[in-house]
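Visitor: Residues per chain are reported as follows:
Protein chains: 2
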Amino acid sequence: MYKETSVRSVMKTISWRFLATLTTFSLVWIFTGKIDTALTVGGLEVIIKMIIYFFHERGWNRIKWGRKHIEPFVVWITGLSGSGKTEVARIVTEKLREMKINADHLDGETIRDIFPRTGFSRDEVTRHIERVGLLASRLEKNGVFVVASFISPFSESREFVRSLCNNFIEIHLATPMEYCEKLDHNNLYSRARAGEIRNLAGVDVEYEAPEDPDLILDISRDGIEQTARKVNFYLKKFM
Amino acid sequence: MYKETSVRSVMKTISWRFLATLTTFSLVWIFTGKIDTALTVGGLEVIIKMIIYFFHERGWNRIKWGRKHIEPFVVWITGLSGSGKTEVARIVTEKLREMKINADHLDGETIRDIFPRTGFSRDEVTRHIERVGLLASRLEKNGVFVVASFISPFSESREFVRSLCNNFIEIHLATPMEYCEKLDHNNLYSRARAGEIRNLAGVDVEYEAPEDPDLILDISRDGIEQTARKVNFYLKKFM
Numbered sequence: 001m002y003k004e005t006s007v008r009s010v011m012k013t014i015s016w017r018f019l020a021t022l023t024t025f026s027l028v029w030i031f032t033g034k035i036d037t038a039l040t041v042g043g044l045e046v047i048i049k050m051i052i053y054f055f056h057e058r059g060w061n062r063i064k065w066g067r068k069h070i071e072p073f074v075v076w077i078t079g080l081s082g083s084g085k086t087e088v089a090r091i092v093t094e095k096l097r098e099m100k101i102n103a104d105h106l107d108g109e110t111i112r113d114i115f116p117r118t119g120f121s122r123d124e125v126t127r128h129i130e131r132v133g134l135l136a137s138r139l140e141k142n143g144v145f146v147v148a149s150f151i152s153p154f155s156e157s158r159e160f161v162r163s164l165c166n167n168f169i170e171i172h173l174a175t176p177m178e179y180c181e182k183l184d185h186n187n188l189y190s191r192a193r194a195g196e197i198r199n200l201a202g203v204d205v206e207y208e209a210p211e212d213p214d215l216i217l218d219i220s221r222d223g224i225e226q227t228a229r230k231v232n233f234y235l236k237k238f239m
Numbered sequence: 001m002y003k004e005t006s007v008r009s010v011m012k013t014i015s016w017r018f019l020a021t022l023t024t025f026s027l028v029w030i031f032t033g034k035i036d037t038a039l040t041v042g043g044l045e046v047i048i049k050m051i052i053y054f055f056h057e058r059g060w061n062r063i064k065w066g067r068k069h070i071e072p073f074v075v076w077i078t079g080l081s082g083s084g085k086t087e088v089a090r091i092v093t094e095k096l097r098e099m100k101i102n103a104d105h106l107d108g109e110t111i112r113d114i115f116p117r118t119g120f121s122r123d124e125v126t127r128h129i130e131r132v133g134l135l136a137s138r139l140e141k142n143g144v145f146v147v148a149s150f151i152s153p154f155s156e157s158r159e160f161v162r163s164l165c166n167n168f169i170e171i172h173l174a175t176p177m178e179y180c181e182k183l184d185h186n187n188l189y190s191r192a193r194a195g196e197i198r199n200l201a202g203v204d205v206e207y208e209a210p211e212d213p214d215l216i217l218d219i220s221r222d223g224i225e226q227t228a229r230k231v232n233f234y235l236k237k238f239m
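So the protein lines, in turn, are chains S and E.
Heads up: the first sequence begins at 1 in the working numbering, then just goes up one per residue.
Heads up: the second sequence begins at 1 in the working numbering, then just goes up one per residue.
Where hints are given, some of them may not hold.
The list makes no distinction among identical chains, and a pair is therefore deemed to hold if it is satisfied within one copy or across any two copies.
Pairs of lysine-lysine, DSBU-like flavour, derived with a Cα cap of 30 Å [unchecked claim]:
no., residue 1, residue 2
1, Lys182, Lys12
2, Lys182, Lys236
3, Lys237, Lys12
4, Lys230, Lys100
5, Lys230, Lys182
6, Lys141, Lys182
7, Lys236, Lys95
8, Lys34, Lys68
9, Lys95, Lys237
Treat the hints as calculated values from the structure; they're not laboratory data.
Since the model is a prediction, treat every value here as computed from it, not as a measurement.
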């Protein structure tokens, strides 16, 4: 977090004074025609106004008015493995950060590495999503904007997360299964079809599509970049 | 989060201009003796400088220099049940907030209610603390100052949390067992002694005291308020 230091206020005071006194000096010179009066007024102004300006600046730092409060949100991106969640979420997060927004990206894969020992059974996935939801909502409550990309196949656990958050925005990446399976980035589909892994949404676990998501998008139609742009455009209405 | 609106900059511009032009007007009047020259210079100054000031203000809003960056930290308060962790942590968090610091208090009891279905066996407690550590470190990485109050009896899990955080401050509330047990707020000790509950640190599970904590404090000696004050005083060196 950032704090306005006194030194910064001093430097602002000086930069302003230079501009301002130049103006005063010029005006007095023009209207009196006397350079010595202009210099005297300008000189005194430098000293007096620097002092006033410093206190004016510090005073305003204590005033909250006019600092627009933007309510943080949790953008929850759900969809099949390979639907483009991680890539879209990463771009969305970057764009938010470019807008000077304190945003964090929680991603299924990276979070699994750090939330230790979580399995893939229905019960374990549900508990995992519940914990991620707690994490997301706690970040949100502390002013962090969250972009979460999780398969999160079960409606019930998504609704649980919604109930924890103040401002939950659900985005369904409804990229068709055939498209996801054709690319098969991590060979998850082929391994699931071969019976090497279990509980893959869309293969041996049903993916419960959101009933009323805020947005439905599809990277097979729009591509990653355009999909992310649509998300960011939608988010503008919350900012 | 807060954003400096243009309207705020306009209001600052006006309040400053009032003070500044009054000064210029007075100076010109004093040194020329002519009120009409003073009014002309003052009048033109109002218009020209308001414009310059507005852009000066917006320009500085883009400059990062002089905004002091304070690195967030995680204050981890460990100790027996009844050692005063929750109360001390609450006061410490409040004091941080009074200093305009974005601080959050994670407390053993409240977090248990929201991290669902966590048991009290050694393994479950360890996993619970690991998850809380992830939560704390993620908050920290996003600029939130964390005060955590957990019995967290096992060195290993506390060290795991330390490894996740950038700036981990360990505080041992070493209030003597007899004192904690005498007060016995939630009747935990009497119930543990009666065998009604299990895995209470200090009774049937060893409390592994930190080997090299940043602070060792004791509410039986200092009281809650004074203990919290000592914590806040110590934290000043990180701010």
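Visitor: Please go over all the hints and tell whether each is borne out by the structure.
Guide: Here is what the structure says about each hint:
Proximity of lysine 182 to lysine 12 under the C-alpha cut-off of 30 Å is found in neither arrangement, the shortest distances being 58 Å within a copy and 59 Å between copies. Taking the closest pair of Cα atoms, lysine 182 and lysine 236 never come within 30 Å of each other, the shortest separation being 34 Å inside a single copy and 57 Å across copies. When the C-alpha separation of lysine 237 and lysine 12 is checked against a cutoff of 30 Å, the pair qualifies only between copies, where the shortest distance is 28 Å, while the shortest distance within a copy is 34 Å. Taking the closest pair of Cα atoms, lysine 230 and lysine 100 come within 30 Å of each other only inside a single copy of the chain (19 Å); across copies the shortest separation is 36 Å, beyond that limit.
For the identical chains of this complex, lysine 230 and lysine 182 are intra-copy neighbours only, at 24 Å inside a copy versus 61 Å across copies, given an alpha-carbon limit of 30 Å. For a Cα distance limit of 30 Å, the shortest separation of lysine 141 from lysine 182 qualifies neither inside one copy, at 40 Å, nor across copies, at 37 Å. Taking identical chains as interchangeable, the C-alpha atoms of lysine 236 and lysine 95 lie at most 30 Å apart only when both belong to the same chain, with a minimum of 11 Å there against 35 Å between chains. Taking the shortest Cα distances, lysine 34 and lysine 68 never come within 30 Å of each other, neither inside one copy (47 Å) nor across copies (45 Å).
With identical chains, the CA atoms of lysine 95 and lysine 237 are at most 30 Å apart within one copy only, with a shortest distance of 15 Å there and 35 Å across copies.
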